[in-house]
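There are 2 protein chains.
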Amino acid sequence: MSSEFELIARHLAPGPAADAAGMSLGVGDDCALLAPTPGTRLAVSVDTSVADVHFPADAPASTIGHRALAVSLSDLAAMGAEARWCLMSLTLPEADDAWVADFAAGFHALCDASGVTLAGGDVTRGELAVGVTVMGEVPEGEALTRSGARPGEVIAVTGALGGGAGGLARWQAGERDPDDALLRRYLRPEPRLAAGLALRELASAAIDVSDGLLADLGHLCVASGVGAALTPEALPLAEGLVAALGDDDVMDAALRGGDDYELLVTLPEAHLAPARARLAAEGLALTAIGRVTDIPGVAGVADDGATGWQHFSGDTP
Amino acid sequence: MSSEFELIARHLAPGPAADAAGMSLGVGDDCALLAPTPGTRLAVSVDTSVADVHFPADAPASTIGHRALAVSLSDLAAMGAEARWCLMSLTLPEADDAWVADFAAGFHALCDASGVTLAGGDVTRGELAVGVTVMGEVPEGEALTRSGARPGEVIAVTGALGGGAGGLARWQAGERDPDDALLRRYLRPEPRLAAGLALRELASAAIDVSDGLLADLGHLCVASGVGAALTPEALPLAEGLVAALGDDDVMDAALRGGDDYELLVTLPEAHLAPARARLAAEGLALTAIGRVTDIPGVAGVADDGATGWQHFSGDTP
Chain A
1 MSSEFELIAR HLAPGPAADA AGMSLGVGDD CALLAPTPGT RLAVSVDTSV ADVHFPADAP
61 ASTIGHRALA VSLSDLAAMG AEARWCLMSL TLPEADDAWV ADFAAGFHAL CDASGVTLAG
121 GDVTRGELAV GVTVMGEVPE GEALTRSGAR PGEVIAVTGA LGGGAGGLAR WQAGERDPDD
181 ALLRRYLRPE PRLAAGLALR ELASAAIDVS DGLLADLGHL CVASGVGAAL TPEALPLAEG
241 LVAALGDDDV MDAALRGGDD YELLVTLPEA HLAPARARLA AEGLALTAIG RVTDIPGVAG
301 VADDGATGWQ HFSGDTP
Chain B
1 MSSEFELIAR HLAPGPAADA AGMSLGVGDD CALLAPTPGT RLAVSVDTSV ADVHFPADAP
61 ASTIGHRALA VSLSDLAAMG AEARWCLMSL TLPEADDAWV ADFAAGFHAL CDASGVTLAG
121 GDVTRGELAV GVTVMGEVPE GEALTRSGAR PGEVIAVTGA LGGGAGGLAR WQAGERDPDD
181 ALLRRYLRPE PRLAAGLALR ELASAAIDVS DGLLADLGHL CVASGVGAAL TPEALPLAEG
241 LVAALGDDDV MDAALRGGDD YELLVTLPEA HLAPARARLA AEGLALTAIG RVTDIPGVAG
301 VADDGATGWQ HFSGDTP
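Line order of the protein sequences matches chains A and B.
With the UniProt record's numbering, letter number 138 in the first sequence gets 138, and the count goes up by one each step, no holes.
With the UniProt record's numbering, letter number 276 in the second sequence gets 276, and the count goes up by one each step, no holes.
So here's chain A without its partners, still in its complex pose (with noise of 0.2 angstroms):
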């Protein structure tokens, strides 16, 4: 690496939180040392980031931080685990020292926020694009899976749908305010970690909407060989969402429209008002938008075809 890339890397370093955090040895050697917590597993995953791909080149560096974690930590929260640790890999096109400043801003903020920490990773020349490896522990036996769910059980989903999309149209029609609502919902996503853990013992399914409802719906089903009947009318939407995109677009931005990063679980009925009132505890809302049957696909809405949102560029993936 050129020394104008490693002075560039130190604005990646780990901070002095490391050592608490399990990590005997981090940035600086071959590789990272981690010290995984006894009778948990250790559940890990990548998502990459590439400009004008999944978000717009032009966002505000600390947003392209922040995002590209948010969505690697996404993955933890669906499965109930704990985040402890993270790896990036980040490619750009010069080396820019303020860019990168607000963007380690961005991506050690939610470090902090979400208790991980960053343990390794590399900065290489070429099309800007963010790497991210997240590792975190889940007791054993105690994950949850795509594969869980049984017909007869709720459906249900954190917060509100819709966000992703509309927060995506404002910004292309020209909206930068960073406190905008809708906005803020697509270049700042927040991954749902509490409710992940909160969910645990409660979820017997979970997913995040990443893709849209609707196609996260449908790999849930397959996985757990199941169907499930929509209740559309029910679903929660993001604030600010019929102003953005009128009454005819919202209900697409909600079943299609990806980005959202909200949770999408099955539990048993007895146990959504328990779910409800732990979630309340942090805030967040979880709305029952149908139920699982044994019917395949799902059943509900329009089937147009069109299933999954189209992320940023219009095109996939």
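Calculated from the structure, these hints are not laboratory results.
Here the structure is a predicted model, which means the values were calculated and not measured.
C-beta: ideal position from N, C-alpha, C; glycine also.
Check each hint, because a few of them may be wrong.
[Claimed, not checked] Distance windows between CB atoms, simulated: (1) A:E201 x B:A273: 27 to 33 angstroms; (2) A:D97 x B:G141: 44 to 50 angstroms; (3) A:P93 x B:D294: 40 to 46 angstroms; (4) A:G283 x B:A57: 47 to 53 angstroms.
[As the list claims (entries may be wrong)] Covered, in the sense of this in silico footprint (three residues per stretch, anywhere, with C-beta under 8 angstroms from a C-beta of chain B), are these stretches of chain A: (5) 28-40; (6) 81-87; (7) 114-121; (8) 143-156.
[Said to hold, decoys possible] Away from chain B, derived, C-beta distances all over 10 angstroms, residues of chain A: (9) D75; (10) E127; (11) A173; (12) A270.
Chain A is fixed; fit chain B onto it per the hints.
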């Protein structure tokens, strides 16, 4: 992800051996769930290889898959860690099924040869790049680090040097025979995992030679707070290097060429013979090339300011 890319992703699914490798849940859920071995530390590292920066974009796809994994595994080797799992993030400009099948074959073959299980990954669209996160295990307190070198110890290197630079030169000269020894060194480097394990109790410090001998020796010396006196005429040269590069460039390739992925270690003199015996059992040489000193810097070579190889592009990183 588009269905086109989902098809592609199937080439990267883990094999049936996954269950046996301490992996209770792999590709197909939000995270893979791994079972770390009690009493061990988890060694983790990530490296991203970008087309035409770290490897020629038109290299055979199987070698790109092999090489991206090898580069990351080399970091585990340098820690004395046993390779266990990996995650792969593949970014590619188009969904070319045949290319990905070949790429995956090279990747999976090295997984099998190294005892590594692919635990997850993603496929995204963009400029060709491969990010590989590796996870290995090492008994607590037995990891080889960069910081353990002590004055008076022997500096030694596994295998031979200059093969990376020599192979790249042959590629650039038009050589395309996959059995060409030097080209093979460049395109299909062999991570020294067995050597790392064998040297665990014998070496006091280790690093892999990725940036070039001088650069990596410099990293090790800084981390250990020591200096080094090299004996350049002792450097083991890759087979065919003189014929490929000519006398004038051979020493530069061995000292400053990168991508050799040999292990550079320091060890007490009394450990040299037993270390050689263990590596001989693996068919690998261990050559003494200098001494650790208490004078900062690397003595024994002309200081022309150039340290570290400039990778494929002739530019960095």
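Taking the hints in turn, this is what the structure says about them:
1. Roughly 58 angstroms separates the CB atoms of E201 (chain A) and A273 (chain B), a value that falls outside the hinted 27 to 33 angstroms.
2. For the pair D97 (chain A) and G141 (chain B), the beta carbons lie near 38 angstroms from each other, so the given range of 44 to 50 angstroms is not met.
3. The hint said 40 to 46 angstroms for the Cβ distance between P93 (chain A) and D294 (chain B), and at roughly 43 angstroms that hint holds.
4. Checked against the hint of 47 to 53 angstroms, the C-beta distance between G283 (chain A) and A57 (chain B) comes to roughly 49 angstroms, which is consistent with it.
5. Residues of the stretch 28-40 of chain A with a Cβ under 8 angstroms from some Cβ of chain B number 10, which satisfies the need for three, so the listed coverage holds.
6. Given a C-beta distance limit of less than 8 angstroms, the hint that chain B covers the stretch 81-87 of chain A holds, as 3 residues qualify and 3 suffice.
7. Counting residues of the stretch 114-121 of chain A whose CB lies closer than 8 angstroms to any CB of chain B gives 3, so the stated coverage by that chain holds, three being the minimum.
8. Only when three residues or more bring their CB closer than 8 angstroms to a CB of chain B does the claim for the stretch 143-156 of chain A stand; here the count is 4, and the claim holds.
9. Against chain B, the non-interface label of D75 (chain A) is violated: not every CB pair exceeds 10 angstroms, the least being about 4 angstroms.
10. Its beta-carbon lying about 4 angstroms from the closest one in chain B, E127 (chain A) breaks the requirement of being farther than 10 angstroms from that chain.
11. Taking the minimum C-beta to C-beta distance to chain B, about 25 angstroms, the non-interface status of A173 (chain A) holds against the 10 angstroms cut.
12. The Cβ of A270 (chain A) lies farther than 10 angstroms from every Cβ of chain B, with a closest approach of about 25 angstroms, so its non-interface assignment holds.
Consistency with the previously given hints fails for numbers 1, 2, 9, 10, ordered from lowest to highest.
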